[in-house]
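Undergrad: Sequence:
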Amino acid sequence: MNNQTLEKLRQMRLFGMHDAFKTSLENTIKEKMTQNQFVSHLIHSEFDNRKNRAVERAVRAAQFRYNATLDDVDYTFERGLNRNQVERLAAMEFVRDHKDLIITGPTGTGKSYLATSLGYKACQDGFRVMYASTAKLMSQLKISKAKGTILADLKRIERVDMLILDDFCMQPLDAQSRGILMDIIEDRHQRRSTMITSQIPVKNWYDVIGEKTIADAVLDRIVHHSLRVELFGESIRKRKSKSENAYG
Numbered sequence: 060m061n062n063q064t065l066e067k068l069r070q071m072r073l074f075g076m077h078d079a080f081k082t083s084l085e086n087t088i089k090e091k092m093t094q095n096q097f098v099s100h101l102i103h104s105e106f107d108n109r110k111n112r113a114v115e116r117a118v119r120a121a122q123f124r125y126n127a128t129l130d131d132v133d134y135t136f137e138r139g140l141n142r143n144q145v146e147r148l149a150a151m152e153f154v155r156d157h158k159d160l161i162i163t164g165p166t167g168t169g170k171s172y173l174a175t176s177l178g179y180k181a182c183q184d185g186f187r188v189m190y191a192s193t194a195k196l197m198s199q200l201k202i203s204k205a206k207g208t209i210l211a212d213l214k215r216i217e218r219v220d221m222l223i224l225d226d227f228c229m230q231p232l233d234a235q236s237r238g239i240l241m242d243i244i245e246d247r248h249q250r251r252s253t254m255i256t257s258q259i260p261v262k263n264w265y266d267v268i269g270e271k272t273i274a275d276a277v278l279d280r281i282v283h284h285s286l287r288v289e290l291f292g293e294s295i296r297k298r299k300s301k302s303e304n305a306y307g
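Numbering-wise, my numbering puts 134 at position 75 of the sequence shown, and it's gapless, one number per residue.
One should not assume that every hint holds.
Unchecked claim - Subject to a maximum C-alpha distance of 30 Å in a straight line, what follows is the list of computed BS3-like cross-link-like pairs (lysine-lysine):
(1) Lys195 - Lys81
(2) Lys204 - Lys214
(3) Lys271 - Lys214
(4) Lys195 - Lys262
(5) Lys262 - Lys201
(6) Lys110 - Lys204
(7) Lys195 - Lys214
(8) Lys158 - Lys262
(9) Lys91 - Lys67
(10) Lys158 - Lys214
(11) Lys81 - Lys67
(12) Lys158 - Lys201
Stated by the list, open to error - Ranges between beta-carbon positions, derived for each pair:
(13) Lys67 - Arg250: 35 to 45 Å
(14) Gly207 - His157: 40 to 50 Å
(15) Lys262 - Ala149: 20 to 30 Å
(16) Arg142 - Ser198: 32 to 42 Å
(17) Arg215 - Gln235: 17 to 27 Å
(18) Asn62 - Gln96: 16 to 26 Å
(19) Gly207 - Gln96: 56 to 66 Å
(20) Arg215 - Asp107: 44 to 54 Å
(21) Ser294 - Arg147: 20 to 30 Å
(22) Gln235 - His284: 44 to 54 Å
These are computed hints drawn from the structure, not numbers from a lab.
From the three backbone atoms N, C-alpha and C, an ideal C-beta is built for every residue, glycine too.
Go ahead and model the full structure; you've got the sequences and the hints to work with.
TA: What follows is the structure, encoded as structure tokens:
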């Protein structure tokens, strides 16, 4: 009877219940619970299993460059990173409110790690996330445009709750990239949240984007009403290396 129950749970893809029930047969968990408690235990196990699998799918779909979580964010180095601000961002209200977030600072100060950590938290909270190196995304979308599939790709980007554009403005944009960037920003403006990391100060973005009309339009949408995290200082890796050498 128990084997039949396990098989039916597996066939119904109730894997959380399956594992919990199987575990109960191997120990004394069931005997320590009332019938109602045991049913509740099975339901909670199924719920947790489904939630964990959903998070795993969301993380895979996001295609993060790093494995990063907020628990591992380092606050010991002075770089302008405020724990209270990060905790407020981690509540994801800015995503629910469709606000943008800009993280700037010199190379090695942890911009991408922080962005990925917040992106991972968004996945845990049930949001759809897409991480992309800005330059690579522009190249991919240029190819899509040549193939005639760019509208479908832009629609996919428009639908994600959080778009992370990493290493923004690392190099001047050509005319085609400017147009694509304008389409992305326009589609998402006040509808979805966009997170941007850049080692180029915001005041210099105008020159990197280039053409005046598009630069004005893009910056008007993503800068003036965005939340900001401005990091500073030397590369964390360099500082850690110096610290290790000092004690070595």
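Undergrad: Work down the list of hints and note, for each, if the structure agrees.
TA: These are the hints, each one checked on the structure:
1. Distance restraint check for Lys195 and Lys81: the Cα-Cα separation of roughly 47 Å exceeds the 30 Å cut-off, and the hinted pair is therefore not satisfied.
2. Distance check on the hinted pair: Lys204 and Lys214 sit about 13 Å apart at the alpha-carbon level, within 30 Å; holds.
3. Between Lys271 and Lys214, the direct Cα distance comes to roughly 26 Å. Compliance with the 30 Å bound is thereby established for this hinted pair.
4. With a C-alpha separation of about 23 Å, the suggested pair Lys195 and Lys262 falls inside the 30 Å cut-off, and the hint holds.
5. With a CA separation close to 27 Å, the supplied pair Lys262 and Lys201 stays within the 30 Å bound.
6. Distance check on the hinted pair: Lys110 and Lys204 sit about 36 Å apart at the alpha-carbon level, beyond 30 Å; violated.
7. Restraint check for Lys195 and Lys214: satisfied, since their Cα atoms lie roughly 18 Å apart, inside the 30 Å limit.
8. With a C-alpha separation of about 20 Å, the suggested pairing of Lys158 with Lys262 holds against the 30 Å cut-off.
9. Only pairs whose Cα atoms come within 30 Å are accepted, and Lys91 paired with Lys67 is accepted, the gap being roughly 25 Å.
10. Of the pairs offered as hints, the one joining Lys158 and Lys214 holds, with about 19 Å between alpha carbons and a cut-off of 30 Å not exceeded.
11. A C-alpha spacing of about 12 Å is found between Lys81 and Lys67, which places the hinted pair at or below 30 Å, so the restraint holds.
12. For the given pair, Lys158 sits about 27 Å from Lys201 by alpha-carbon distance, which is consistent with the 30 Å threshold.
13. For the pair Lys67 and Arg250, the supplied restraint of 35 to 45 Å holds, since their beta-carbon distance comes to about 44 Å.
14. At roughly 30 Å, the beta carbons of Gly207 and His157 sit outside the given window of 40 to 50 Å.
15. Checked against the hint of 20 to 30 Å, the pair Lys262 and Ala149 passes, with Cβ atoms roughly 28 Å apart.
16. Here the CB-CB span from Arg142 to Ser198 is close to 37 Å, well matched to the stated 32 to 42 Å.
17. Checked against the hint of 17 to 27 Å, the C-beta distance between Arg215 and Gln235 comes to roughly 19 Å, which is consistent with it.
18. Distance hint check: the CB atoms of Asn62 and Gln96 are about 24 Å apart, consistent with the given range 16 to 26 Å.
19. Range check, Gly207 to Gln96: Cβ separation about 58 Å, and the 56 to 66 Å hint holds.
20. Hint check: Arg215 to Asp107, Cβ distance near 29 Å, so the stated range 44 to 54 Å is violated.
21. Evaluation of the 20 to 30 Å hint for Ser294 and Arg147 yields a pass: the beta carbon distance comes to about 26 Å.
22. Look at Gln235 against His284: about 27 Å separates their beta carbons, and that is not inside 44 to 54 Å.
Against the hints set out earlier in the document, violations occur for numbers 1, 6, 14, 20 and 22.
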